[in-house]
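Please take these sequences and the hints and turn them into a complete structure.
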Amino acid sequence: MHRPDRLILCAALILLCAAFGRDQFDQWVDATELPVLASETSIEVRDRNAELLRVYTVADGRWRLAVTPHRWIRPL
Amino acid sequence: MNMLIAYEDQRFYSHSGVDLRAILRAIGQAAWNGQIISGGSTLSMQVARLLEESGTGRWKGKLRQMRVAWALERQLSKEQILQLYLTHAPYGGNLEGVRAATLSWFGKEPNRLTPAEAALLIALPQSPKARRPDRNRAAAEQARDRILDRMVGLSALDQSTAQAALSEPVPNTRRQFPALAPHMADLALRTRPEAGTHQLTLERTLQISLETLAKSALRGLPNDLSIAIVVADHTTGEILASVGSAGYEAQTTRQGFVDMTRAKRSPGSTLKPFVYAMAFDRGLAHPQTLINDRPVAFERYAPQNFDGAFRGELPVAEALRQSLNIPVVLLLDQIGPAHLLDVMRRAHINPDLPGDQAGLAVALGGVGVSLSELVQLYAMLGQGGEARVLQWRKDGEQAEASRVLNRSATWHIGDILAGLAPPAGAPARRLAYKTGTSYGHRDTWAIGYDGRHVAGVWIGRPDGTPVPGAFGGDLAAPVLFEAFQRLKPEADPLPPPPPETLMLATAQLPQPLRRFIGRNAVFRAAPDAPKLTFPPNGATLAQLDGVVPVKVRDGTPPFSWLANGQLIEAGLYRRETTLPDLGRGFSQLSVIDAEGRASRVTVQIE
Numbered sequence: 094m095h096r097p098d099r100l101i102l103c104a105a106l107i108l109l110c111a112a113f114g115r116d117q118f119d120q121w122v123d124a125t126e127l128p129v130l131a132s133e134t135s136i137e138v139r140d141r142n143a144e145l146l147r148v149y150t151v152a153d154g155r156w157r158l159a160v161t162p163h164r165w166i167r168p169l
Numbered sequence: 005m006n007m008l009i010a011y012e013d014q015r016f017y018s019h020s021g022v023d024l025r026a027i028l029r030a031i032g033q034a035a036w037n038g039q040i041i042s043g044g045s046t047l048s049m050q051v052a053r054l055l056e057e058s059g060t061g062r063w064k065g066k067l068r069q070m071r072v073a074w075a076l077e078r079q080l081s082k083e084q085i086l087q088l089y090l091t092h093a094p095y096g097g098n099l100e101g102v103r104a105a106t107l108s109w110f111g112k113e114p115n116r117l118t119p120a121e122a123a124l125l126i127a128l129p130q131s132p133k134a135r136r137p138d139r140n141r142a143a144a145e146q147a148r149d150r151i152l153d154r155m156v157g158l159s160a161l162d163q164s165t166a167q168a169a170l171s172e173p174v175p176n177t178r179r180q181f182p183a184l185a186p187h188m189a190d191l192a193l194r195t196r197p198e199a200g201t202h203q204l205t206l207e208r209t210l211q212i213s214l215e216t217l218a219k220s221a222l223r224g225l226p227n228d229l230s231i232a233i234v235v236a237d238h239t240t241g242e243i244l245a246s247v248g249s250a251g252y253e254a255q256t257t258r259q260g261f262v263d264m265t266r267a268k269r270s271p272g273s274t275l276k277p278f279v280y281a282m283a284f285d286r287g288l289a290h291p292q293t294l295i296n297d298r299p300v301a302f303e304r305y306a307p308q309n310f311d312g313a314f315r316g317e318l319p320v321a322e323a324l325r326q327s328l329n330i331p332v333v334l335l336l337d338q339i340g341p342a343h344l345l346d347v348m349r350r351a352h353i354n355p356d357l358p359g360d361q362a363g364l365a366v367a368l369g370g371v372g373v374s375l376s377e378l379v380q381l382y383a384m385l386g387q388g389g390e391a392r393v394l395q396w397r398k399d400g401e402q403a404e405a406s407r408v409l410n411r412s413a414t415w416h417i418g419d420i421l422a423g424l425a426p427p428a429g430a431p432a433r434r435l436a437y438k439t440g441t442s443y444g445h446r447d448t449w450a451i452g453y454d455g456r457h458v459a460g461v462w463i464g465r466p467d468g469t470p471v472p473g474a475f476g477g478d479l480a481a482p483v484l485f486e487a488f489q490r491l492k493p494e495a496d497p498l499p500p501p502p503p504e505t506l507m508l509a510t511a512q513l514p515q516p517l518r519r520f521i522g523r524n525a526v527f528r529a530a531p532d533a534p535k536l537t538f539p540p541n542g543a544t545l546a547q548l549d550g551v552v553p554v555k556v557r558d559g560t561p562p563f564s565w566l567a568n569g570q571l572i573e574a575g576l577y578r579r580e581t582t583l584p585d586l587g588r589g590f591s592q593l594s595v596i597d598a599e600g601r602a603s604r605v606t607v608q609i610e
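Respectively, the protein sequence lines represent chains A and B.
First residue of the first sequence: 94, per the working numbering; consecutive thereafter.
First residue of the second sequence: 5, per the working numbering; consecutive thereafter.
For the record, the hints were derived by calculation from the structure and aren't laboratory data.
Every residue gets a Cβ at the ideal spot worked out from N, C-alpha and C, and that includes glycine.
Careful: at least some of the hints might be erroneous.
Said to hold, decoys possible - For lysine to any residue, the following SDA-like pairs were computed, each having C-alpha atoms within a straight-line distance of at most 20 Å: (1) B/K492 <-> B/P427; (2) B/K268 <-> B/S220; (3) B/K268 <-> B/A574; (4) B/K398 <-> A/R141; (5) B/K82 <-> A/S132; (6) B/K82 <-> A/T125; (7) B/K82 <-> A/L127; (8) B/K492 <-> B/A422; (9) B/K112 <-> A/P128; (10) B/K112 <-> A/A159; (11) B/K398 <-> B/N541; (12) B/K535 <-> B/K492; (13) B/K555 <-> B/N541; (14) B/K219 <-> B/K398; (15) B/K112 <-> A/R115; (16) B/K535 <-> B/R604; (17) B/K112 <-> A/R139; (18) B/K398 <-> A/A124; (19) B/K112 <-> A/T150; (20) B/K398 <-> A/G154; (21) B/K133 <-> A/G154; (22) B/K492 <-> B/G455; (23) B/K82 <-> A/L106; (24) B/K133 <-> A/R155; (25) B/K398 <-> A/N142; (26) B/K82 <-> A/V122; (27) B/K535 <-> B/P493; (28) B/K268 <-> B/D346; (29) B/K112 <-> A/V122.
What the hints assert, rightly or not - Listing some non-contacts, in silico: residues in chain B with all C-beta distances to chain A over 12 Å: (30) L76; (31) R78; (32) A93; (33) G101; (34) T106; (35) L170; (36) A185; (37) G200; (38) E207; (39) G251; (40) G340.
Next up, the structure:
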């Protein structure tokens, strides 16, 4: 990343906010086409105590395992 | 893991997707130092980038990321965004998300990570290619240490913890993802392809232990043999371990990818206990009933014992313990082979018949049954005659138990089988067990149970061809006992006899139960049985002075002679005599020796 990028980005941001205002901004954000959020995760086979026995890769050969953050993360 | 938020995006829980302060700081630092010191990206923006798989660089890309980040924040909770990040963050190679990372780099789930592990997990996604611990360990360690230092700076870690973390080695290899119970896992996917997670009834530690046992059991044996082991808790009906082969890898000659717990094979002698249990259940025999082990012929079927020898009369219990073929066929002949198949079906298994009619050979293994099915059958014995489908899915419906055989019949079987000599070195009466070897040494089996668990072992070739050389029941039984040893240090005792059980010696039994004589069996004469040699059977004799000379060979004197059912002479030690006054026409002549063995002929007198 280079200096000019950051500056242009910053300028664009300020311009945007100033020119279109909050409403325009909201509309713009709401009109965003979101990428697909529910992506395929690895199929998991677990034992009687929910311990992992086997996982499978997703279609493109990647390992992508479903995560439930509250199990591991204490809030700061 | 909260180190992640502290490091990457301190105001994660308060910003609206784009952290303007962080961006300004990043720009400020970049302008001041001429290089990037910290990124301005929030976690939300990184999620946007990961989901769209766009690059970090171009400002247009950045703007798009900010737009998506804002939009994400409006639609999702902070926790959902964090979840997306933790699912998609790249950790090198084909690893995506924090769980793939911890399993692969640390061999565990992301609970209870050490600070050093957590720091490495924060460092990796920033530059997953350059920092892969297995390819570039030094870079990975450097990045991790920088993050640990930052953590101290942010007072998220105290100095001493950080010092300890710095000395922790960075892993240098990727671990294999767990692939336990691969056959059953495949089966789970096949039967329920839509499910994302499958919870089985297996117990991970036991499964690992028995997969190791399966491998070591085949050491030193021909390298095209396979093995299968199944362990279940018959009190709950749940399968606790299921090993389908010695190894799932395709490169071996053992065809390890074939699940031998589900392959239908000839069960050898392992069905015999069920014939005896049915005989007890139906009151045809008691364990102390005497049964004859001698040459016998049914229509076109003449079973032999494994050693070709005959043991004469012996108690039924002993016949089962010695796994003799003739007594069990005599019993099944009386019971009817179709009823044995009915018992198997009522125990919810699906035996594979070679033809459409069940023959007597079913008792000796002339039917296809899988190891899982046999274990389910023996579970019924363990449960005192109540059968139920063994479960392997934790969320499966608990199957109702149904009675197939009565309690005392199955108790007797357990008692007899527990009296079997265990393999060398194993304690006596620990298990009620039975071994089996199928015709032509294709399969060898050992199935056993105690008061709580049931287990079975199969060894053979996956393609069902005979195994040359020394191969038999002594191979599987030690593996069975070892499996139980690995399951628990002490056996659960078999239950006490139910109150209705008859515990009697042969002489105390009611008369009809003292001796079992098969209904349709035609015993072939023993070699030393008496033979009426003259007159020959079917001969036409001219009447000679009103008497017929007769001769007997073999047999034990004294002899008794009968004509047309009438006793003519008794207590004769001579082997020749004459029978008087036989009328014209057909007459039946018989001789009976001291042991009650008879020989008869029919003659016509003119």
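Status of the hints after comparison with the structure:
1. B/K492 <-> B/P427: 18 Å, holds
2. B/K268 <-> B/S220: Measuring from Cα to Cα gives roughly 24 Å; hence the hint is violated.
3. B/K268 <-> B/A574: The hint is violated at about 58 Å.
4. B/K398 <-> A/R141: This hinted pair holds, its Cα atoms lying about 6 Å apart.
5. B/K82 <-> A/S132: It holds: about 18 Å lies between the C-alpha atoms, which stays within 20 Å.
6. B/K82 <-> A/T125: 19 Å, holds
7. B/K82 <-> A/L127: Holds, at about 16 Å.
8. B/K492 <-> B/A422: Holds. B/K492 to B/A422 sits at ~18 Å (cutoff 20 Å).
9. B/K112 <-> A/P128: This hinted pair is violated, its Cα atoms lying about 31 Å apart.
10. B/K112 <-> A/A159: Between B/K112 and A/A159 the Cα gap is close to 15 Å, so the pair holds against 20 Å.
11. B/K398 <-> B/N541: Given pair B/K398, B/N541 is violated - Cα atoms ~70 Å apart, limit 20 Å.
12. B/K535 <-> B/K492: 60 Å, violated
13. B/K555 <-> B/N541: Since the Cα atoms of B/K555 and B/N541 sit roughly 12 Å apart, the hinted pair holds (cutoff 20 Å).
14. B/K219 <-> B/K398: 27 Å, violated
15. B/K112 <-> A/R115: 47 Å, violated
16. B/K535 <-> B/R604: 8 Å, holds
17. B/K112 <-> A/R139: Between B/K112 and A/R139 the Cα gap is close to 14 Å, so the pair holds against 20 Å.
18. B/K398 <-> A/A124: 45 Å, violated
19. B/K112 <-> A/T150: OK: B/K112 and A/T150 at ~17 Å, within 20 Å.
20. B/K398 <-> A/G154: 28 Å, violated
21. B/K133 <-> A/G154: OK: B/K133 and A/G154 at ~17 Å, within 20 Å.
22. B/K492 <-> B/G455: 12 Å, holds
23. B/K82 <-> A/L106: 23 Å, violated
24. B/K133 <-> A/R155: 15 Å, holds
25. B/K398 <-> A/N142: 10 Å, holds
26. B/K82 <-> A/V122: 17 Å, holds
27. B/K535 <-> B/P493: Outside the cut-off at roughly 60 Å; violated.
28. B/K268 <-> B/D346: 18 Å, holds
29. B/K112 <-> A/V122: 40 Å, violated
30. L76: It is violated; B/L76 is separated from chain A by about 7 Å at its closest Cβ, not greater than 12 Å.
31. R78: 7 Å, violated
32. A93: 10 Å, violated
33. G101: B/G101 not clear of chain A: closest Cβ-Cβ about 5 Å, inside 12 Å.
34. T106: 9 Å, violated
35. L170: Given that every Cβ of chain A is farther than 12 Å from that of B/L170, nearest at about 23 Å, it holds.
36. A185: 5 Å, violated
37. G200: 6 Å, violated
38. E207: 6 Å, violated
39. G251: 14 Å, holds
40. G340: 41 Å, holds
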